[in-house]
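I would like the entire structure built from these sequences, with the hints used as guidance.
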Amino acid sequence: MALSLEEVRRIAQLARLRLSEEEERTFAGQLSAILDHVRQLEELDVTAVEPMTHALAAGELPALREDAVRASLAPEEATAAAPAREGTAFKVPRIIE
Amino acid sequence: MSTPAKELCRLGLREAGAGVAAKAISSTELVEASLARIQATDGKLGAFLAVCADRARAAAKAADARAARGERRSELDGVPVAVKDLFVTKGVPTTAGSRILEGYLPPYDATVVERLEAAGAVIVGKLNMDEFAMGSSNENSAYKPCHNPWDLSRTPGGSSGGSAASVAAGQVHASLGTDTGGSIREPAAFCGVVGVKPTYGRVSRYGVVAFASSLDQVGPLAREVGDAALVLRTIAGHDPRDMTSSTRPVDDYLGPLEEGARGLRVGVPREWLSGGLDAGVEAAIRAALDTYRRLGATLVDVSLPHSKYGIGAYYLIAPAEASSNLARYDGVRYGLRAEGAKGLKEMYAESREQGLGAEPKRRIMLGTYALSSGYYDAYYLRAQKVRTLIRRDFDEAFRGCDVIAGPVTPSVAFALGERTGDPLQMYLADIFTITCNLAALPGLSVPCGLEAASGLPVGLQLVGRPFDEATLFRAARALERELGPLPAPPEP
Chain A
1 MALSLEEVRR
11 IAQLARLRLS
21 EEEERTFAGQ
31 LSAILDHVRQ
41 LEELDVTAVE
51 PMTHALAAGE
61 LPALREDAVR
71 ASLAPEEATA
81 AAPAREGTAF
91 KVPRIIE
Chain B
1001 MSTPAKELCR
1011 LGLREAGAGV
1021 AAKAISSTEL
1031 VEASLARIQA
1041 TDGKLGAFLA
1051 VCADRARAAA
1061 KAADARAARG
1071 ERRSELDGVP
1081 VAVKDLFVTK
1091 GVPTTAGSRI
1101 LEGYLPPYDA
1111 TVVERLEAAG
1121 AVIVGKLNMD
1131 EFAMGSSNEN
1141 SAYKPCHNPW
1151 DLSRTPGGSS
1161 GGSAASVAAG
1171 QVHASLGTDT
1181 GGSIREPAAF
1191 CGVVGVKPTY
1201 GRVSRYGVVA
1211 FASSLDQVGP
1221 LAREVGDAAL
1231 VLRTIAGHDP
1241 RDMTSSTRPV
1251 DDYLGPLEEG
1261 ARGLRVGVPR
1271 EWLSGGLDAG
1281 VEAAIRAALD
1291 TYRRLGATLV
1301 DVSLPHSKYG
1311 IGAYYLIAPA
1321 EASSNLARYD
1331 GVRYGLRAEG
1341 AKGLKEMYAE
1351 SREQGLGAEP
1361 KRRIMLGTYA
1371 LSSGYYDAYY
1381 LRAQKVRTLI
1391 RRDFDEAFRG
1401 CDVIAGPVTP
1411 SVAFALGERT
1421 GDPLQMYLAD
1431 IFTITCNLAA
1441 LPGLSVPCGL
1451 EAASGLPVGL
1461 QLVGRPFDEA
1471 TLFRAARALE
1481 RELGPLPAPP
1491 EP
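Quick mapping for you: the protein sequence lines, in order, are chains A and B. Take the first sequence: its letter number 83 is residue 83 in the numbering used here, and every next letter is one higher. Take the second sequence: its letter number 341 is residue 1341 in the numbering used here, and every next letter is one higher.
Source of the hints: derived by calculation from the structure; they are not laboratory data. Mixed in with the good hints, there may be bad ones.
Claimed, not checked - Covered by chain B, per the in silico footprint, the following chain A stretches (three or more residues, Cβ under 8 Å): (1) 11-25; (2) 28-34; (3) 47-58; (4) 69-79; (5) 83-93.
In this text, all values refer to a predicted model and were calculated from it rather than measured experimentally. From the three backbone atoms N, C-alpha and C, an ideal C-beta is built for every residue, glycine too.
Structural data, given as structure tokens:
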């Protein structure tokens, strides 16, 4: 199953990735080969099979924790690694003119 | 102290910890020996992305003060270890092997890091890895490839390549890695050390940079089975900060360690030894199975008929989860931001273009496609159903055996650069490890000898029932005791 360059561009846009023309061509070929391999799953009849929705069995999961206010990172700490900030807010390019 | 630094570095983890407790050696001596060995060897090996010497020296001094007072936090108090750069470490650079996180200093520690330090272990640095744990050769690290200490022209395996190479080369006594599709067991096999992928939920993932959340699991690498068991016991157990961590009590892994293989039923999946293995690897695996028989175990023929679909299911599920997890790297909250972008969307796309390497981009593309409108049922949902079939295969097999044994990898460590141009070929090398992750089971790689032709290590894989890591350690130790330790790899 060959992915077209248009499909590769559409996926890149959905994934918020910018690709060079060379990357688009390379990925079109590589993703097509991987999807061809994945098609072998179609050999299996899975109509009556439940999907695995969690890696742990139901009884192995912890109970939901209490909905209570707890100490967390201070806003100064949580925003300290941001490339740009103003006070404790993340600063991004203007989106409304 | 007169013990040469190199000899200190070759001590086992428990041996080193006992030495500190008995005041025969100091933690400071162990840490200085470790730092000196990293300094001397890592130029060629490339196992470390960051060394935190000041923090390590301070921790060693504190461990020595405890020893002087006759206190001991645990058996690994004062012993140098290192962790994969996928674990966040407060104030210590954490990159996940990616340029997009270059210079990031996390404001907190991962639970496993906290637990190691609470036990007194001294963290000397952060280990090289494939970017966001995506790879089978450590060549996808954005910073530098890691080399295999047995042969510097070969890969140490991935994605925890640095974690395996550092332990094999004697830079540290143990390390932590993560395993999403084989990323602890494969490098452990290639580097001749013990690597453990615990049951999903056994170890907290809090503070672990996420790749594929339903598959990722943290585990130890060490030169001896008992040392790996001790590290797992230290980091395992419920963490209220990770709602996928299990509440089951942690077993005593060290108690049954020396019980031997007598009476053990070892399942041998016929699909795992029916071709596709290099001759030297197959010979070593069959010899290991014969050893089990000689030690009093029973070999049982079992079948895992859906094994061959593991790669297909994995390369839909893991990229789908990765495409979601890696959406957070958008240049807003941390990491790299592209300069001069016009508008928010352009800033996202340019930051991700500049910060992410080819493999994360490839997997994000694959996952986005598999989850996109019109394809979800055909790809992702079908893969999750196949995952159910794979788990059922194991459940059925474990009706007749206690542990499953087979190869970790189809070949010994391959040459750096050999497979980088063909990602599908690279993915297919995970055929024996991936089903264990899909089924959420524990798996372990233990050295079972050197391949005759190349002289490189071969790993035997043991897979257990859910939460039955104790049987894996017991079975692995029986083999280790019988075969004896591997020789040390050549000096880098």
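Evaluation of the provided hints:
1. 11-25: holds (count 9)
2. 28-34: holds (count 4)
3. 47-58: holds (count 9)
4. 69-79: Coverage by chain B holds here, the residue count being 4 at a Cβ distance below 8 Å.
5. 83-93: holds (count 5)
In terms of the numbered hints stated before, the structure departs from none.
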